[in-house]
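J.: Numbering that gives the first Met the number 0 puts the first residue of the sequence shown at 0, with every later residue one more than the last.
Just so you know, these hints were derived from the structure itself, not from any lab. Note that this is a predicted model, so its numbers are computed, not measured. Backbone N, C-alpha and C fix where the C-beta goes; we use that ideal spot for every residue, glycine too. Misleading hints may appear alongside valid ones.
Straight-line alpha carbon distances no greater than 30 Å define the calculated DSSO-like cross-link-like pairs of lysine-lysine that follow [stated by the list, open to error]:
1. K61 x K20
2. K55 x K20
3. K16 x K61
4. K55 x K16
For each label pair, taking beta carbons as the anchor points, the in silico distance ranges come out as [claimed, not checked]:
5. G63 x I38: 36 to 46 Å
6. G35 x D6: 37 to 47 Å
7. G63 x Y7: 29 to 39 Å
8. W57 x K20: 16 to 26 Å
9. M29 x G63: 31 to 41 Å
10. R30 x E59: 32 to 42 Å
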Amino acid sequence: MNDDDVDYDVVLDVLQKHRDKLWEMTMQNMRSEFMGIGIMDQIRLDQIDQLDDAMKMWRESKNGR
Numbered sequence: 000m001n002d003d004d005v006d007y008d009v010v011l012d013v014l015q016k017h018r019d020k021l022w023e024m025t026m027q028n029m030r031s032e033f034m035g036i037g038i039m040d041q042i043r044l045d046q047i048d049q050l051d052d053a054m055k056m057w058r059e060s061k062n063g064r
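The whole structure should be built from the sequences, with the hints applied where relevant.
T.: Following this line, the structure appears as structure tokens:
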């Protein structure tokens, strides 16, 4: 086992992957449409905020705060 294995956190990894996918979908949609941000983009951005909050809470709980 190396240092990378110790620092790896499966919860953060999964949350980050889902966040990245939502962000990618939002950016693709915003680049392809002329009207700017749509309702689905807003929903995805809200979900990204929720994931960011969840990752922050998880880090804080791991650090004993």
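J.: Give a verdict on every hint.
T.: Outcome of the hint check:
Annotation: proposed proximity of K61 to K20 holds, straight-line Cα distance about 25 Å (limit 30 Å). Using a Cα cut-off of 30 Å, the hinted pair K55 and K20 holds, with the two alpha carbons roughly 18 Å apart. Under the criterion of a C-alpha separation no larger than 30 Å, the hint pairing K16 with K61 is consistent with the structure, at around 19 Å. With a C-alpha separation of about 15 Å, the suggested pairing of K55 with K16 holds against the 30 Å cut-off.
The supplied range of 36 to 46 Å is met by G63 and I38, whose beta-carbon atoms lie about 40 Å from each other. Under the hint 37 to 47 Å, the C-beta atoms of G35 and D6, about 39 Å apart, fit the expected range. The supplied range of 29 to 39 Å is broken by G63 and Y7, whose beta-carbon atoms lie about 19 Å from each other. A hinted range of 16 to 26 Å for the beta carbons of W57 and K20 is consistent with their spacing of about 18 Å.
Take M29 and G63: their Cβ atoms lie about 39 Å apart, and the range 31 to 41 Å holds. Roughly 35 Å separates the CB atoms of R30 and E59, a value that falls within the hinted 32 to 42 Å.
Figure legend: structure checked against the earlier numbered hints; the only hint not met is number 7.
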